[in-house]
Amino acid sequence: MKPSLWQAVKLVFVKEFTVGMRFKAAWAAMFMFALTTLACVSLALQGGVLEPRLAAALLWIIIFFASMAGADRVFADEDTAGTLLALRLYGGAQPVLWGKMLYTFFLLLVLTIFITPLFLLLIGAEMAAAGAFVLALLLGVAGLAAAGTLLAALVTGAQVKSGLFSVLMLPIILPVFLPAIFLTAASLGAGEVPVGFLGGMALYDGILAVGASVLFDYLWYED
Amino acid sequence: MVTITFTGVSQCFHGRQIFGPLEARLSGGKITAVTGQNGSGKSTFLKLAGHLLLPSSGSVLVADDGVELHKDALRQRLAMVTPELRFYDRLTARENMDFLLGMRGMTLDEGEYRDLLERVGLVEAAVAHSYVGEFSTGMRQRLKMAVLLASGADIWLLDEPGANLDEAGRDLLAAEMRQAAARGVLMAIATNDTREEALADETISLAGG
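Chains as they are written, first to last, in the UniProt record's numbering: chain P, 1 to 223; chain R, 1 to 209.
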């Protein structure tokens with residue numbers, strides 16, 4: 001009897017969360033990177049205020065590289081621990097993909113919720129459009145999670161996983177990354193908020209998620 | 001009845017031919033031993049049989065009453081015990097089983113779980129609060145057997161299943177294999193153990209090269 005997709009996705013998510021909480025390597029790597037960069041920014045600014053465009057770029061650079069430290073592990077950890085065979089035998093392609101994508105989204109969302117208020121406080125930013133700011137963060141993180149999960153699966157068999165992951169990630173995520181920076185900058189007071197970018201980001205996130213879903217079957221099954 | 005048919009199958013790794021071309025047919029209710037020297041491709045044969053690897057040439061057809069099984073339909077009926085199969089070290093035996101079986105839509109209540117552990121010679125009290133990473137190699141092998149038995153699969157691909165088991169464990173394994181074959185389970189065992197080989201109804205010998 002096959003479980004429903006949602007039940008199986010929940011199982012994968014809960015498994016990822018439980019293992020993640022007990023191992024903590026991905027969480028520690030991401031949060032340590034974020035804390036270190038935030039501390040560097042704080043020390044460099046010495047109480048000064050950052051221009052909104054620069055602040056937006058800096059915030060997304062921190063989120064992007066912090067996510068690189070953790071998001072590439074979703075399949076690499078299974079490979080290293082030797083559990084990939086068990087997962088392939090018992091788990092269907094779609095539940096595994098969506099469960100891991102959901103977990104990566106959750107992980108990056110927690111990271112973003114941790115980084116953003118600290119960052120805004122440190123640079124003394126004033127919020128001009130909070131709604132657009134939050135939506136840009138959500139859509140940007142969703143894009144990172146979708147692209148990150150697929151690429152993590154793609155590079156699992158490669159010899160130089162981390163290097164390849166980062167190299168491939170940037171061009172794929174750029175169509176989400178750039179509008180996210182513009183929207184964040186506008187939300188912090190650099191001109192009018194380009195609301196249309198939100199639709200574009202949502203559309204690209206959808207394409208990434210659907211593309212990942214279609215491609216993943218070919219990675220998961222040999223026939 | 002489930003069958004696995006190898007037609008003209010050859011397997012190469014890095015330009016070196018491991019075996020083939022090979023013709024073979026495995027059927028439900030029979031135990032097939034796959035034998036050969038180290039490196040002759042026994043484990044590869046099992047992966048090919050389970051569609052976990054594509055052959056370099058030829059085809060491997062898994063079918064039930066002539067209807068081909070693909071992807072999820074095949075995986076749902078497949079179980080393996082192999083040295084490569086590892087469970088999550090930071091989950092308990094119960095958590096591992098709940099996750100893996102749950103992915104197939106199966107649940108075990110407390111009684112079924114206890115009975116299953118007992119059947120494979122694991123004491124629930126001894127494993128209840130331990131992560132699988134703390135298990136001995138023999139205990140992990142018994143846990144693999146427990147998952148295999150609970151999976152409800154009717155295609156068993158076993159790679160040296162008696163490895164790391166004591167005498168009692170090997171006897172238990174042999175009894176479970178005979179019972180499963182009697183129920184119609186298709187079974188392939190990659191082995192060089194004469195006792196396991198003696199259980200088989202037929203043998204495929206991989207010469208290598």
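Treat the hints with care, as some may be off.
Just some of the chain R residues that point at chain P, by a computed CB distance under 10 Å [claimed, not checked]: (1) 13; (2) 65; (3) 66; (4) 86; (5) 89; (6) 111; (7) 113; (8) 151; (9) 154; (10) 164; (11) 165; (12) 195; (13) 199.
For the record, the hints were derived by calculation from the structure and aren't laboratory data.
Please read all numbers here as calculations on a predicted model, not as lab measurements.
Where a beta carbon is used, it is the ideal one built from N, C-alpha and C, also for glycine.
Structure-based check of all given hints:
At a threshold of 10 Å, the smallest CB-CB gap from residue 13 (chain R) to chain P is about 14 Å, leaving the interface hint violated. For the restraint placing residue 65 (chain R) at the interface with chain P, the shortest Cβ-Cβ distance is roughly 19 Å, beyond the 10 Å limit, so the hint is violated. With 10 Å as the threshold, the beta carbon of residue 66 (chain R) stays out of range of chain P, its nearest partner Cβ sitting at about 17 Å, so the hint is violated. With a least beta-carbon distance of about 4 Å to chain P, the hint placing residue 86 (chain R) at the interface is held under the 10 Å criterion.
Because the smallest distance between the Cβ of residue 89 (chain R) and any Cβ of chain P comes to about 6 Å, under 10 Å, the interface hint for this residue holds. Residue-level restraint check for residue 111 (chain R) is violated (minimum Cβ-Cβ distance to chain P is 20 Å; threshold 10 Å). Hint status for residue 113 (chain R) relative to chain P: violated, with the closest Cβ pair at about 17 Å, above 10 Å. Annotation: interface hint on residue 151 (chain R) holds; nearest CB of chain P at approximately 8 Å, less than 10 Å.
Residue-level restraint check for residue 154 (chain R) is violated (minimum Cβ-Cβ distance to chain P is 14 Å; threshold 10 Å). The criterion of a C-beta within 10 Å of any C-beta in chain P is not met by residue 164 (chain R), whose closest approach is roughly 15 Å, and the hint is violated. Checking residue 165 (chain R) against chain P: minimum C-beta separation of about 19 Å lies over 10 Å; hint violated. Taking 10 Å as the C-beta cut-off, the interface hint given for residue 195 (chain R) is violated, the closest approach to chain P being about 26 Å.
The closest approach between the C-beta of residue 199 (chain R) and any C-beta of chain P is roughly 23 Å, which is over the 10 Å cut-off, so the hint fails.
When each numbered hint is compared with the structure, violations occur for hints 1, 2, 3, 6, 7, 9, 10, 11, 12 and 13.
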